[in-house]
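So the sequence lines, in the order shown, correspond to chains G and S. At position 203 of the first sequence the residue is numbered 203 (this note's numbering), and the sequence of numbers has no breaks. At position 147 of the second sequence the residue is numbered 147 (this note's numbering), and the sequence of numbers has no breaks.
It is worth saying that the hints were derived from the structure and are not from the lab. For clarity, every value in this text was computed on a predicted model and none was experimentally measured. Where a beta carbon is used, it is the ideal one built from N, C-alpha and C, also for glycine. Please note that a few of the clues may not be correct.
[Claimed, not checked] Covered stretches of chain G, as calculated for chain S (at least 3 residues, CB under 8 Å):
no. : region
1   : 123-135
2   : 139-146
3   : 150-158
4   : 250-257
[What the hints assert, rightly or not] Derived DSS-like pairs: lysine-lysine, alpha-carbon spacing no greater than 27 Å straight-line:
no. : chain 1 : residue 1 : chain 2 : residue 2
5   : G       : K142      : S       : K200
6   : G       : K138      : S       : K200
7   : G       : K270      : G       : K295
8   : S       : K170      : S       : K124
9   : S       : K96       : G       : K142
10  : S       : K239      : S       : K170
11  : S       : K262      : G       : K138
12  : G       : K142      : S       : K243
13  : S       : K252      : S       : K200
14  : S       : K239      : G       : K142
15  : G       : K70       : S       : K243
16  : S       : K262      : S       : K252
17  : G       : K278      : G       : K195
18  : G       : K138      : S       : K152
19  : G       : K295      : G       : K164
20  : G       : K138      : S       : K170
21  : S       : K243      : G       : K138
22  : S       : K96       : G       : K138
23  : S       : K243      : S       : K170
24  : S       : K252      : G       : K138
25  : S       : K239      : G       : K70
26  : G       : K142      : S       : K124
27  : G       : K138      : S       : K124
28  : S       : K96       : S       : K152
29  : G       : K37       : G       : K95
30  : G       : K138      : S       : K239
31  : S       : K262      : G       : K142
32  : G       : K142      : S       : K252
[Claimed, not checked] Here are the computed distance ranges between Cβ atoms for each label pair:
no. : chain 1 : residue 1 : chain 2 : residue 2 : range
33  : G       : E115      : S       : K170      : 48 to 58 Å
34  : S       : C220      : G       : G48       : 31 to 41 Å
35  : S       : K124      : G       : T117      : 33 to 43 Å
36  : S       : A193      : G       : K138      : 20 to 30 Å
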Amino acid sequence: MNGMHQLNRNGVVIDDTFAEAFGMRATAIIITAPTLKWARQAAITMTGYATSVIGCGCEAAIDRDLPASKTPDGRPGCRVMIFAMGTDELQKQLKNRLGQCVLTSPGSACFADLEGTAPLDLGNALRYFGDGWQISKKFGGKHYWRVPVMDGEFLCEATTGLTKLAVGGGNLLLLAADNAKALRAAERAVAAIEKVPGAIMPFPGGVVRSGSKVGGKYKGMMASTNDAFAPTLRGVVNSALTPEVNAVLEIVIDGETDDAVTAAMRAGLKAVIELGPKRGAVRISAGNYGGKLGKFHYHLKDLLP
Amino acid sequence: MKALTFSLLAEPEERLDLSALTPAGLAGLTDVQIAKLRIGTTRDPALVGDIFKVTGKDFQSIIFEGGSARFDKVGTGLSGGAIRVTGNVGLEAGRKMSGGSLLIDGSAGDHAGSGMVDGRLEIKGNAGDYLGGPLAGEITGMEGGLLIVRGKAGNYAGERLRRGIIAILKGCGDYAGYRMIAGSIVVAGRVGAMPGYLMKRGSLFLDRRPENLAPTFVDCGETDIAFSGVFDRFLIQEKIMDKPLLGARPGKFGGDVAVSGKGEILFRRGR
Chain G
1 MNGMHQLNRN GVVIDDTFAE AFGMRATAII ITAPTLKWAR QAAITMTGYA
51 TSVIGCGCEA AIDRDLPASK TPDGRPGCRV MIFAMGTDEL QKQLKNRLGQ
101 CVLTSPGSAC FADLEGTAPL DLGNALRYFG DGWQISKKFG GKHYWRVPVM
151 DGEFLCEATT GLTKLAVGGG NLLLLAADNA KALRAAERAV AAIEKVPGAI
201 MPFPGGVVRS GSKVGGKYKG MMASTNDAFA PTLRGVVNSA LTPEVNAVLE
251 IVIDGETDDA VTAAMRAGLK AVIELGPKRG AVRISAGNYG GKLGKFHYHL
301 KDLLP
Chain S
1 MKALTFSLLA EPEERLDLSA LTPAGLAGLT DVQIAKLRIG TTRDPALVGD
51 IFKVTGKDFQ SIIFEGGSAR FDKVGTGLSG GAIRVTGNVG LEAGRKMSGG
101 SLLIDGSAGD HAGSGMVDGR LEIKGNAGDY LGGPLAGEIT GMEGGLLIVR
151 GKAGNYAGER LRRGIIAILK GCGDYAGYRM IAGSIVVAGR VGAMPGYLMK
201 RGSLFLDRRP ENLAPTFVDC GETDIAFSGV FDRFLIQEKI MDKPLLGARP
251 GKFGGDVAVS GKGEILFRRG R
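One chain only, chain G, in its complex shape (with noise of 0.2 Å):
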């Protein structure tokens, strides 16, 4: 436990410790379709491969559901948000996802979501595939293109907003005694941090069983594995696990604002608790630097419930 103080609830050990975060550059947009699952089919699709952007450029995954009335068209649709180190490298990822995973899928159209310091090419960026044949209109305060495709008609704003106030990494290290009870414990997490607007959980079902740490042995690593939290590496390296806990996974959290990631593992952390640690986790920690890197530091103490 590396002398880590630690409070206690519902029997669930919480480390005196905190997550460290980083700031992002981010955007938000609202993927629409004649139906819920085809909406949610072009988010799923051009949010794939954004788990981190060590390896993927950018982080995203579906913020939430919103049902016909809260959609500018009056379709089912979902808000998806990208975080992304950059504004360039966020307006690539934006352009090259949206052409190629939103486009291309059936009925879609997207709106922007986010008023934000400059504008990222949405439509701006799609509507020459239109060769010629797009339409543009601005009414409303907004611009939209029309790009004519094989069933009708993609619908696209011009442009949405990108935000620097983002911030990318806040984590929850959920520490149980084998992995059912793990996964458990995250999947409840996972569904308390859904619920809160503005945050998203970019990695599979929001879950990473990889955790990471800085660098590594090897030669260009920029990552490689948190052996401290390897359970099949206790005792042959310098461990943070006890007997008792065979298994990690971690929440990590990307949100529109400091306060949504707050909003956002506070949620998390109150589901791990209640569930207790008989079914779920016996302990919670979070990652971080030493402080050193990251500017936001989200102490475990100062949001539990």
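Starting from the known structure of chain G, arrange chain S on it as the hints suggest.
For chain S alone, coordinates are given in the frame of chain G:
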């Protein structure tokens, strides 16, 4: 502060050019200076004081109490603030507007909104011919903004429209959207002959199938597009319409293929 109000004393005996009576045009003028402004168009022109009783101090909000078909160029060049006319107006109301709002409670003559660039012009009554259109020798008509006619419009509504939205809610005459370049024209009610004739781009949105189209428009069939829902919502939110104009799956004609053929007429099916 009370709106600057021009109360009509009697029906003017000549056509009036009211283009100077805008917030920007009157800024910094005293009551006396305003009263001495020439607004008549004859060799012995009438002054503001001859035609109107002027009251109020808020130059950003101007009201013409009483109207006349001889009130020409009301709100010409309006760039900000608000003008309201409680009666009819004559020619070229709101011409070259670039901002602000002009509300006409009565009807307007020809060339209302001609060359508008931005702002909102609303005519509660009818409008004459060449709504938003260019004057002789001009290349383009309206270039932006929102122009609403709650009544009927005459012929050639939206001629050479380049940008912006014209909405006509009780039908219009012949040649709506004549030689359109781009932009949008909404017409609820009966549309006269040859809508969209020689349009290059742009959209005509109708609440019924057009009857007398040029043969150079082609039937594109039924469209299943998200745009109609978004546009219908906009019209309702702006209180231009109280029910959807196009509905789901509007019909479409493409044209005018006599020119580039990239314009469209979208219309509500089943009417």
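Indices of hints not satisfied (ascending): Numbers 4, 33 - these are the hints that the structure violates, sorted from lowest upward.
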